[in-house]
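All chains, full assembly: derive it from the sequences and hints.
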Amino acid sequence: MESNKLSRVDYIFRPESNRIDLIKKIMSKDKDDFILELIDSGLKGRGGAGFLTGLKWKLAKEAQGDKKYVICNADEGEPGTFKDREILDRVAGKVLTGMALCGYIVGANEGFIYLRAEYRFLAPKLQQMMDAMNQELKTAGLDFTLALRFGSGAYVCGEETALIESMEGKRGEPRNKPPFPVTDGYLGKPTVVNNVETFVNTVIIAEIGYQEYKKLGTDSSRGMKLFSISGDCAKEGIFELELGMSLADFVEEFGDGDTKAVQVGGASGFCVPRKKFKETIIGFEGIPTGGSMKIFNSSRSMYNVLHNYLDFFQEESCGQCTPCRVGCQQLLKGIMAVKRRERPATYLDELVKLAETMRYASKCGLGQSVGNAFVSIVENFREEIVY
Amino acid sequence: MINLTINNIPVTVEEGTTILAAARKLNIRIPTLCYHEDLCIAGNCRVCVVEQVGMRTLQASCAVPVRENMQILTNSMKVRQARKNIIELLLSEHNADCTKCYKNGNCELQDLANEYRTGNQMYLDLVPEKHFTIDQSSPSIMKDDSKCIRCQRCVRTCAELQGVNALAVANKGHEMKISSFYDKPMHEVVCTNCGQCINRCPTGALVERNYLDEVWNAIYDPSKHVAVQTAPAVRVALGEELGFDPGERVTGKMVAALRRLGFNSVLDTDFTADLTIMEEGTELLTRLKKALVDNDEKVAIPMTTSCSPGWIKFIEHTFPEYLPNVSTCKSPQQMFGALVKTYYAQRKNINPKDIVSVSIMPCTAKKYEAQRPEMRDSGYQDVDYVLTTRELAIMIKQAGIEFMKLEDEEYDRFMGDSTGAAVIFGATGGVMEAALRTAWEIVTGKEVPFENLNITPVRGMEGIKEASVTIAGTKPEWSFLEGVELKCAIAHGLANARELMQAVKDGKAVYHFIEVMACPGGCLGGGGQPIPTNPEIRQKRAEAIYAEDEGMPIRKSHENPEVAQIYQEFLGEPLGHKSHELLHTHYKARKRY
Ligand SMILES: Cc1cc2nc3c(=O)[nH]c(=O)nc-3n(C[C@H](O)[C@H](O)[C@H](O)COP(=O)(O)O)c2cc1C
Ligand code: SF4
Ligand code: SF4
Ligand code: SF4
Ligand code: SF4
Ligand code: FES
Chain P
1 MESNKLSRVD YIFRPESNRI DLIKKIMSKD KDDFILELID SGLKGRGGAG FLTGLKWKLA
61 KEAQGDKKYV ICNADEGEPG TFKDREILDR VAGKVLTGMA LCGYIVGANE GFIYLRAEYR
121 FLAPKLQQMM DAMNQELKTA GLDFTLALRF GSGAYVCGEE TALIESMEGK RGEPRNKPPF
181 PVTDGYLGKP TVVNNVETFV NTVIIAEIGY QEYKKLGTDS SRGMKLFSIS GDCAKEGIFE
241 LELGMSLADF VEEFGDGDTK AVQVGGASGF CVPRKKFKET IIGFEGIPTG GSMKIFNSSR
301 SMYNVLHNYL DFFQEESCGQ CTPCRVGCQQ LLKGIMAVKR RERPATYLDE LVKLAETMRY
361 ASKCGLGQSV GNAFVSIVEN FREEIVY
Chain U
1 MINLTINNIP VTVEEGTTIL AAARKLNIRI PTLCYHEDLC IAGNCRVCVV EQVGMRTLQA
61 SCAVPVRENM QILTNSMKVR QARKNIIELL LSEHNADCTK CYKNGNCELQ DLANEYRTGN
121 QMYLDLVPEK HFTIDQSSPS IMKDDSKCIR CQRCVRTCAE LQGVNALAVA NKGHEMKISS
181 FYDKPMHEVV CTNCGQCINR CPTGALVERN YLDEVWNAIY DPSKHVAVQT APAVRVALGE
241 ELGFDPGERV TGKMVAALRR LGFNSVLDTD FTADLTIMEE GTELLTRLKK ALVDNDEKVA
301 IPMTTSCSPG WIKFIEHTFP EYLPNVSTCK SPQQMFGALV KTYYAQRKNI NPKDIVSVSI
361 MPCTAKKYEA QRPEMRDSGY QDVDYVLTTR ELAIMIKQAG IEFMKLEDEE YDRFMGDSTG
421 AAVIFGATGG VMEAALRTAW EIVTGKEVPF ENLNITPVRG MEGIKEASVT IAGTKPEWSF
481 LEGVELKCAI AHGLANAREL MQAVKDGKAV YHFIEVMACP GGCLGGGGQP IPTNPEIRQK
541 RAEAIYAEDE GMPIRKSHEN PEVAQIYQEF LGEPLGHKSH ELLHTHYKAR KRY
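Here the protein sequences come in this chain order: P and U.
Counting in the numbering used here, the first sequence runs from 1 upward without gaps.
Counting in the numbering used here, the second sequence runs from 1 upward without gaps.
To be clear, the hints were calculated from the coordinates, so they are not data collected in a lab.
One thing to keep in mind: the hints can contain errors.
In silico DSSO-like pairs for lysine-lysine, Cα to Cα no more than 27 Å straight-line [as the list claims (entries may be wrong)]:
#, chain 1, residue 1, chain 2, residue 2
1, P, Lys170, U, Lys177
2, P, Lys353, U, Lys588
3, P, Lys353, U, Lys78
4, U, Lys588, U, Lys578
In silico negatives: residues of chain U with every beta carbon more than 10 Å from chain P [claimed, not checked]:
#, residue
5, Arg29
6, Ala42
7, Glu93
8, Tyr123
9, Leu124
10, Glu175
11, Glu188
12, Arg209
13, Gly379
14, Glu462
15, Ala495
16, Val504
Covered, in the sense of this in silico footprint (three residues per stretch, anywhere, with C-beta under 8 Å from a C-beta of chain P), are these stretches of chain U [what the hints assert, rightly or not]:
#, stretch
17, 48–61
18, 275–287
If you're wondering where the values come from, they're calculated on a predicted model, not measured in any experiment.
Don't be surprised by glycine CBs; every beta carbon is placed ideally from N, CA and C.
Take a look at the structure:
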């Protein structure tokens, strides 16, 4: 695997070009051509799961339905992530434009931003921009209107099918997949759910062209990404980087010189210890991330880190499926029991097996990813967990 | 058609089939817990996971449809490991005191734990730190959260089949649980006591309130005369608990068993079912006369049946404005109770205070009904204890009676007579059919114009059925009905009842007579019937009911000789003074939550 050099870029927060001109430009093109360009650009979803955005739009376009919907996932609940908030605060126009493009391509007439409850303060400005945009689109001859919906404050509602349930006024429990939202989404209609940053990326591709876009990143991880950097770091905040750099380069740039581990991708991501920094690439070929990068220096107790993550999951699991609801409790209680010598250190091996079961058998991505942090921390910092 | 392999055996099934159904076709059993044939797919317990070759995650076989060339493994190492872990996880959150548990021996979780030999507990016991509660507030239902595996079958039952929504999921994460509205006690919420959730709960978390000890104590008390009545639907289902296949009629054996248990008189609710037809049929004709002849605008049409106490509580909560439309007739159980402590006591020369009246019902709502304050017209609580079909089976087992070997016996001769019309009360459409058989004859003097008295349009398992007959050939006193098209509707399962009543309310449907049974399939699918229940079992019970009807010498309620006798000796005439006093009741509007 070849890694890129770490390079800071500036596409996402760059001022927007004339959005109506851009939309008109795309409207003058063949829809399928634009989809092919989007697929060719290699853009993968920025919400975590990393599905090819062009393919998602293609599936939604081909799906049968008298109505279709576009949803922007702005639930941003992953601890340590705040890049979608920054986007919506500074360049919300690009998000709206991306949604309108999507609506045009897949044949949807309505779009919703599902905004995290804690981000309510952004609502007045967003609403104003949406109202203006609805007018502009009408004038431009595009039948697409935007509206705002609020999250319920539960982390799991960021999962796309739980999000849809919640938008339908139900309890935010993830659905069985298949069927997927592209065929059976909001109100049972074909629906595209994309992350805030993903929509911005589609606009960038429309602006600079897919060939230019493809020059950024690596074969498996095209483009740039916003990173929310926190923890024991020299520089904290939001940074836009080209995808595919090695974690070693990253730590050199952002660490405080004493970094012992980095949690890539937040609570649902992986913990990488120092000895693996060099070989670890940030991207879909290595460790993908929704943007959260948390840096730990040698003063941190990895037991506490893990304890916090598990506590978070046992609270934030929707609770419907067995592996996740009970598994999270067992992992948390399990490390506590080991710490207190109520169970032998070898009990951790049983828990690692349990974490594997949770990975395979949980209903949604939440339960499936609890094992990421658990196994990577237990395997790399076993002594800290036991003693 | 889709081709796939399961455990390397090829199979071809229709598109849309789930992996689970495809496996069943190959006689490969995949364990399930949250799956139930009557309900929508939840996919939350995850014990049904299987491996799809090439996929990283396991697939919930109950939820995932087959795809071309899928290769499924139902018993691979990965599957076994996951399934065992999942069962152990469920048990770690479960108060598994099987020997003390009411569901011991008929529990899906226990079966699975047994199958997977989950001997020594692998995980930490989470039960002590949970503050589980047992809700015993309802006279019908017990809810024990420490036995709940959160499969949500009850929630889906209450919402999808019953349209009641008394149970819902509350909280998330480790605190997620099944709760009533604001976690209030069950007797304070909209629960209709129908027991459908009990029939589908795979564990001991929802069970009937049992009155076994009370009934045994009454039997053991020499100063008491314990009279038992048995509802029509019990005789076609009891066998399932005692070694017979679904659909076996065990009327004679049941009667024999009741005698051996020590009940002093073994009587039949069918008798008062026939009586109900006389009263309710007359009530319907009277209402029609008031409406059509007297142009009385106050008379409430359509009239609905009132034999299902789950339906009564439902309408009291949900459509209280329609209470005047409900027939004032008590349910057959309560008519029976009122008569046992009056007419029967007189005839048998027993002091009514020494009579303990017990009924065997397919129903849990009847437990609640028996305790309603209105149900004391004999001067005592008319029905003292209500046992479900399941509880009767428990008593028979406790008494060491070898049920399968019993010789058939007959009901007592007095208040034990019944007709085919009474038997079909146990199936959806049955009350309608029985009423039509009698009312038609009252009005025209002739038998209903259906071959062999079988009014087939009102039979069957469709959720809402409609039928209409144009009345012709009336006797002079009923000539106002000549040419009238009598419109009837039948609903079973309260979700269907809700839909039907909403249509009536919205003016989209006009009827004269509506039959509602709270339970799917009618009483034969009642909340007190043997577990499991599914469409196939209910169909078999229905067939048994109609077979029982066809085999009866008398098939019309008004021809029941004991019914004629009781009017002559005691009641006078249908809707007469005495009837009003003992056989009719009133209802009360209740809150909507
Ligand atoms: C527990 C959980 C929480 C999630 N939260 C978010 C979120 O806050 N924002 C987001 O965009 N995607 C989130 N996702 C991913 C979404 O399910 C979905 O994959 C994503 O919105 C698709 O958009 P994308 O293809 O543009 O990434 C979450 C997934 C899971 C399992
Ligand atoms: S994995 Fe967790 S969050 Fe997802 S459905 Fe299961 S219990 Fe809910
Ligand atoms: S519910 Fe089942 S597993 Fe649980 S204690 Fe009762 S019988 Fe045992
Ligand atoms: S009460 Fe019974 S049916 Fe309801 S969730 Fe619990 S175990 Fe399942
Ligand atoms: S008894 Fe009937 S109404 Fe009550 S909770 Fe159960 S299903 Fe719902
Ligand atoms: S039976 Fe399939 S998930 Fe429960």
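Evaluation of the provided hints:
1. Lys170(P) - Lys177(U): holds (16 Å)
2. Lys353(P) - Lys588(U): violated (57 Å)
3. Lys353(P) - Lys78(U): holds (11 Å)
4. Lys588(U) - Lys578(U): Status holds; Cα separation ~23 Å.
5. Arg29: holds (19 Å)
6. Ala42: Non-interface label on Ala42(U) violated, nearest chain P Cβ at 8 Å vs cutoff 10 Å.
7. Glu93: violated (5 Å)
8. Tyr123: violated (5 Å)
9. Leu124: With a cut-off of 10 Å, Leu124(U) comes too close to chain P, as the shortest Cβ separation is near 5 Å.
10. Glu175: The claim breaks: Glu175(U) does not keep its Cβ more than 10 Å from every Cβ of chain P (closest is about 7 Å).
11. Glu188: About 23 Å separates Glu188(U) from the closest Cβ of chain P, which puts it past 10 Å; holds.
12. Arg209: The claim holds: Arg209(U) sits with its nearest Cβ about 28 Å from chain P, beyond 10 Å.
13. Gly379: holds (49 Å)
14. Glu462: Answer for Glu462(U): holds, closest chain P Cβ roughly 25 Å.
15. Ala495: holds (17 Å)
16. Val504: holds (27 Å)
17. 48–61: holds (count 5)
18. 275–287: Violated, because only 0 residues of the stretch 275–287 of chain U bring their Cβ atoms closer than 8 Å to Cβ atoms of chain P.
Going down the numbered hints, you'll see the structure goes against 2, 6, 7, 8, 9, 10, 18, while the others check out.
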